[in-house]
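Student: Chains as they are written, first to last, in my numbering: chain A, 9 to 120; chain B, 9 to 120.
The hints are all genuine.
Note: identical chains are not told apart, hence a pair may lie in one copy or across any two.
Distance condition first, Cα-Cα at most 20 Å in a straight line; then the derived EDC-like pairs of lysine to aspartate or glutamate: (1) K92 <-> D35; (2) K70 <-> D106; (3) K93 <-> D35; (4) K61 <-> D35; (5) K120 <-> D89; (6) K92 <-> E62; (7) K70 <-> D95; (8) K66 <-> D95; (9) K42 <-> E99; (10) K70 <-> D108; (11) K120 <-> E62; (12) K61 <-> D89.
These are computed hints drawn from the structure, not numbers from a lab.
There are 2 protein chains.
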Amino acid sequence: MAEKAEAQKDAKREAKQPEKKRARADDNVVFVGKKPTMSYVLAVITQFSSGVKEVHLKARGKSISRAVDVAEVVGNRFVNDLNKKIDIGTEKIHGERDGDLNVSTIQITLSK
Amino acid sequence: MAEKAEAQKDAKREAKQPEKKRARADDNVVFVGKKPTMSYVLAVITQFSSGVKEVHLKARGKSISRAVDVAEVVGNRFVNDLNKKIDIGTEKIHGERDGDLNVSTIQITLSK
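Excised from the complex, chain A in its bound form (with noise of 0.2 Å):
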């Protein structure tokens, strides 16, 4: 009983590793969701003073609205020249109970 409970705590951490590993490669991406327009900035703004030259917004659905007031603000605020490259694209996502359903995403390449 003892050995199958950590065998589950095994497969636990070996599902969870992907996504670490996936994390700290995607380290000069934001994703922006729900939070305050203001939270992504400060994250971009912390990503560009750590040296990085380029970093990539990410969002989909509702939140492709507040992906471009953060590059806006970045851009008229914050970082002088700032480059914007900006594309857009649809992701199928699976819902459990209306099948899948199209998303709309943007991601905006911010480069000093």
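Position chain B relative to chain A; hints supplied.
Tutor: Quick look at chain B alone, frame taken from chain A:
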């Protein structure tokens, strides 16, 4: 009395004209607001089938995410090989109570 009514009618007609002209000049611009996404998709498709090669989607504030939805739906479901060029910006709005407000804008240029 009848003359006065006639004069008022004339005045109304004249006041309406500039608006009409503007609408004609901006014929290939679709302003995205709070209507359902598919209304704007239909507007874009109508523009394209009338022979226009480029349609500009414009939106500001929270409607930005809907403008992205419109571009994605047109590109994925209706028009093959759609080119999208995206610009973002900031507009100052003169609020009556709160003073000036900054609002983000997006312009998506769709071309076949």
